[in-house]
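Residue strings, one per chain:
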Amino acid sequence: MYAVTNVLRLDGVDRSFGDRQVLRNVSFDVVAGRMTGFVGGNGAGKTTTMRIILGVLAADAGQVSWQGEPLSRDVRRRFGYMPEERGLYPKMSVREQVTYLGQLHGLTADAARRATDGLLERVGLAERGNDLLDTLSLGNQQRAQIAAALVHDPEVLVLDEPFSGLDPLAVDTVVGVLRERAAAGAPVLFSSHQLDVVERLCDDLVIIADGSIRAAGSREQLRSAYTTPRYELVVETDAGWLRDHPGVSLVDLDGARAVFDLAAGADDQPVLRAALERGPVRAFRPVTPTLAEIFREVAK
Amino acid sequence: MNVMQATRLVAAREIRVKLRDRTFLISTVVFLLIAAAATILPPMLSGGPSTVAVTEAAAGPLRAAGLEVLAVPDDAAAEQAVRDGDADAAVVAGPAVLAMDDAPGDVVSALSTEPPVRLLNPDAVDPVVAFLVPFAFAFIFFLTSQTFGVQIAQSIIEEKQTRIVEILVAAVPVRALLAGKMLAGTILALGQIALVAVVAVAGMAFGDNGTLLSLLGPAIGWFVPFFLLGFVLIASMWAAAGALVNRLEDIGGVSMPVQLAVMLPFFAVIFLNDNVTAMRVLSYLPFSSPTAMPLRLFNGDAAGWELVVSLALLLITAVGFLLAGARVYEGSLLRTNGRTSIRTAWRERETLG
Numbered sequence: 000m001y002a003v004t005n006v007l008r009l010d011g012v013d014r015s016f017g018d019r020q021v022l023r024n025v026s027f028d029v030v031a032g033r034m035t036g037f038v039g040g041n042g043a044g045k046t047t048t049m050r051i052i053l054g055v056l057a058a059d060a061g062q063v064s065w066q067g068e069p070l071s072r073d074v075r076r077r078f079g080y081m082p083e084e085r086g087l088y089p090k091m092s093v094r095e096q097v098t099y100l101g102q103l104h105g106l107t108a109d110a111a112r113r114a115t116d117g118l119l120e121r122v123g124l125a126e127r128g129n130d131l132l133d134t135l136s137l138g139n140q141q142r143a144q145i146a147a148a149l150v151h152d153p154e155v156l157v158l159d160e161p162f163s164g165l166d167p168l169a170v171d172t173v174v175g176v177l178r179e180r181a182a183a184g185a186p187v188l189f190s191s192h193q194l195d196v197v198e199r200l201c202d203d204l205v206i207i208a209d210g211s212i213r214a215a216g217s218r219e220q221l222r223s224a225y226t227t228p229r230y231e232l233v234v235e236t237d238a239g240w241l242r243d244h245p246g247v248s249l250v251d252l253d254g255a256r257a258v259f260d261l262a263a264g265a266d267d268q269p270v271l272r273a274a275l276e277r278g279p280v281r282a283f284r285p286v287t288p289t290l291a292e293i294f295r296e297v298a299k
Numbered sequence: 000m001n002v003m004q005a006t007r008l009v010a011a012r013e014i015r016v017k018l019r020d021r022t023f024l025i026s027t028v029v030f031l032l033i034a035a036a037a038t039i040l041p042p043m044l045s046g047g048p049s050t051v052a053v054t055e056a057a058a059g060p061l062r063a064a065g066l067e068v069l070a071v072p073d074d075a076a077a078e079q080a081v082r083d084g085d086a087d088a089a090v091v092a093g094p095a096v097l098a099m100d101d102a103p104g105d106v107v108s109a110l111s112t113e114p115p116v117r118l119l120n121p122d123a124v125d126p127v128v129a130f131l132v133p134f135a136f137a138f139i140f141f142l143t144s145q146t147f148g149v150q151i152a153q154s155i156i157e158e159k160q161t162r163i164v165e166i167l168v169a170a171v172p173v174r175a176l177l178a179g180k181m182l183a184g185t186i187l188a189l190g191q192i193a194l195v196a197v198v199a200v201a202g203m204a205f206g207d208n209g210t211l212l213s214l215l216g217p218a219i220g221w222f223v224p225f226f227l228l229g230f231v232l233i234a235s236m237w238a239a240a241g242a243l244v245n246r247l248e249d250i251g252g253v254s255m256p257v258q259l260a261v262m263l264p265f266f267a268v269i270f271l272n273d274n275v276t277a278m279r280v281l282s283y284l285p286f287s288s289p290t291a292m293p294l295r296l297f298n299g300d301a302a303g304w305e306l307v308v309s310l311a312l313l314l315i316t317a318v319g320f321l322l323a324g325a326r327v328y329e330g331s332l333l334r335t336n337g338r339t340s341i342r343t344a345w346r347e348r349e350t351l352g
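Residue numbers (numbering that gives the first Met the number 0), protein chains in the order written: chain A, 0 to 299; chain B, 0 to 352.
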């Protein structure tokens with residue numbers, strides 16, 4: 000457990016829409032200074048969870064706390080939020096609306112203006128700041144959206160699908176900015192259905208399916224927890240003999256290449272020796288599961 | 000930051016955006032031109048005193064009455080001056096008054112001794128003015144509540160349609176969002192009317208219509224609180240209507256009841272303004288009282304207590320509609336899929352407030 004002082008904690012959150020329960024006893028931590036990926040299929044409850052964190056929706060039961068204090072509107076105002084469905088005022092200039100959002104989050108007019116100028120510089124929009132939003136390209140509108148979420152230098156970041164629909168350059172900008180925030184000590188929670196992106200970015204992982212949390216922890220913890228004793232073997236000729244080797248169950252066989260699981264407690268070295276007796280071995284290594292595989296396993 | 004501060008920020012943005020909107024600026028200028036034209040032009044067109052062609056010998060009493068005298072050598076020349084359009088009328092031997100097609104009242108009265116007149120209803124209003132004033136009041140309320148009500152609805156829909164509403168709701172209370180929009184709409188509406196009123200009063204003073212001004216004074220004074228509450232009433236309905244849909248194109252479907260609530264009282268006041276019983280009823284009904292009651296006051300038909308009672312009724316109704324509108328707004332603000340029914344919006348209290 001981490002010190003409660005720098006943790007965004009969800010504790011036993013339930014939520015129903017009518018008769019349909021969409022969140023069941025959802026509990027997990029988002030730790031300061033770490034990027035936490037939040038993954039789950041469509042309709043698993045990611046957006047509802049994030050809306051509850053931001054107070055856009057009310058929880059039926061359970062609570063959300065930051066630094067040990069239950070969330071109030073004043074605390075949430077210091078959060079940064081990028082909703083899944085995005086948008087800004089089309090007929091307002093970028094600079095003006097980002098400043099406005101800064102003020103709504105409690106900055107003085109002066110502070111909001113300064114923060115806006117800095118951020119627009121950071122996301123590469125300084126030159127377009129005075130243009131109306133709807134005259135910008137889609138990519139630049141997305142940059143404006145990032146600036147809008149960060150203008151008040153939030154203590155906690157919650158981003159719903161921050162990478163969906165971004166062009167590659169914008170993805171790099173967002174990743175850069177989020178890493179900066181995490182390095183500066185903010186907990187960063189982001190959801191995504193692009194598991195490869197999450198795998199690349201996250202320190203911690205929360206997997207939700209059907210409204211309940213199926214797994215949560217650091218990426219390494221989850222990897223080792225869900226690693227089956229699986230190996231890949233590449234030899235010169237045919238690896239079909241593995242089929243009859245004691246303790247081995249073949250997962251995949253493609254001529255000279257085989258992927259197999261070992262029975263619990265079985266040693267991998269005798270398999271390697273047996274292979275060497277038959278000829279040259281080109282590769283022999285344990286296979287760690289990808290996030291996608293863990294996810295499939297957990298969300299079943 | 001509390002609800003008040005958030006409300007102020009929201010209202011300030013709404014006003015800033017509106018003041019840059021070309022349609023709004025043009026419509027304001029057009030209103031001002033109409034107000035100026037309506038007050039300055041009629042006295043100018045009715046022309047100053049009549050010009051009378053008359054021989055120098057008979058000119059005395061006419062000059063004394065303030066008429067413009069065109070001295071002519073004889074009666075034939077006087078008649079010719081009228082025929083040529085050099086004079087509006089002529090006074091010839093008899094004495095007789097000549098004019099082309101309209102008996103010149105001011106010339107006749109300058110030559111006659113009028114019996115003393117005692118007016119039994121000295122406040123009674125010129126019939127033309129009596130027709131124009133109710134029309135102006137009803138029209139101002141109709142147009143303003145319509146224009147600014149629609150703008151509140153549009154601004155709500157814009158935030159839903161662009162999805163920025165979710166960021167806003169995460170930062171400030173839903174009530175502050177609605178209050179800010181209502182406040183901005185009210186300030187803009189009142190500001191526009193005040194400008195029109197200033198121009199109209201200046202026009203009346205310029206066109207030397209001081210009597211009308213003194214008659215209109217109290218009616219305008221009472222029109223302000225009635226207008227304010229009436230506007231809140233209508234704007235609450237527009238806010239609820241706007242919150243129920245997600246696209247500007249869909250506003251037509253939900254706004255019908257609101258349009259009717261504005262239009263029916265408007266026509267009722269216009270067409271029934273000389274029916275005393277109907278006007279008494281209309282002056283108590285919250286939707287028509289903002290125009291009907293100041294009118295009865297203007298016509299000298301309303302007692303002081305009636306104004307207070309009607310205003311109280313309007314206040315209660317407006318507050319009720321404001322609360323109901325706020326509830327529908329809160330219940331449908333985050334439903335960004337398709338149209339929300341009033342019933343669903345009423346039951347749903349999604350946000351933490």
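Derived by calculation from the structure, the hints in this document are not laboratory data. Mixed in with the good hints there might be a few duds.
If you anchor each label on the Cβ, the simulated ranges turn out as follows [said to hold, decoys possible]:
| id | chain 1 | residue 1 | chain 2 | residue 2 | range |
| --- | --- | --- | --- | --- | --- |
| 1 | B | A277 | A | S15 | 50 to 56 angstroms |
| 2 | A | L137 | B | T27 | 33 to 39 angstroms |
| 3 | A | Q66 | B | W345 | 51 to 57 angstroms |
| 4 | A | F16 | B | R246 | 18 to 24 angstroms |
| 5 | A | P69 | B | R19 | 37 to 43 angstroms |
| 6 | A | S71 | B | S340 | 42 to 48 angstroms |
| 7 | B | R19 | A | E83 | 26 to 32 angstroms |
| 8 | B | W345 | A | S15 | 35 to 41 angstroms |
| 9 | B | W345 | A | R178 | 42 to 48 angstroms |
| 10 | B | W345 | A | K299 | 57 to 63 angstroms |
| 11 | B | A37 | A | S71 | 51 to 57 angstroms |
| 12 | A | R178 | B | S340 | 54 to 60 angstroms |
| 13 | A | F16 | B | G319 | 41 to 47 angstroms |
Note that the coordinates shown come from a computational prediction; the quantities given were computed from them, not determined experimentally. By construction, the Cβ of each residue, glycine as well, lies at the ideal position given by its N, Cα and C atoms.
Consistency of the hints with the structure:
Judged by the Cβ atoms, the range 50 to 56 angstroms given for B/A277 and A/S15 holds: they are separated by roughly 53 angstroms. The given range of 33 to 39 angstroms is respected by A/L137 and B/T27, whose C-beta atoms sit roughly 36 angstroms from each other. Between A/Q66 and B/W345 the C-beta distance comes to about 37 angstroms, which lies outside the given range of 51 to 57 angstroms. Taking the beta carbon of each, A/F16 and B/R246 are about 23 angstroms apart, inside 18 to 24 angstroms as hinted.
Under the hint 37 to 43 angstroms, the C-beta atoms of A/P69 and B/R19, about 42 angstroms apart, fit the expected range. Remark: the range hint 42 to 48 angstroms for A/S71 to B/S340 is contradicted by a beta-carbon distance near 32 angstroms. Our hint of 26 to 32 angstroms for B/R19 and A/E83 holds, since their Cβ atoms are close to 31 angstroms apart. Taking the beta carbon of each, B/W345 and A/S15 are about 19 angstroms apart, not inside 35 to 41 angstroms as hinted.
In this structure, B/W345 and A/R178 meet the distance hint of 42 to 48 angstroms, their C-beta atoms being roughly 45 angstroms apart. Between B/W345 and A/K299 the C-beta distance comes to about 41 angstroms, which lies outside the given range of 57 to 63 angstroms. The beta-carbon spacing between B/A37 and A/S71, approximately 55 angstroms, falls within the hinted interval of 51 to 57 angstroms. A hinted range of 54 to 60 angstroms for the beta carbons of A/R178 and B/S340 is inconsistent with their spacing of about 45 angstroms.
One distance hint, 41 to 47 angstroms for the beta-carbon pair A/F16 and B/G319, is violated here, with the actual separation near 29 angstroms.
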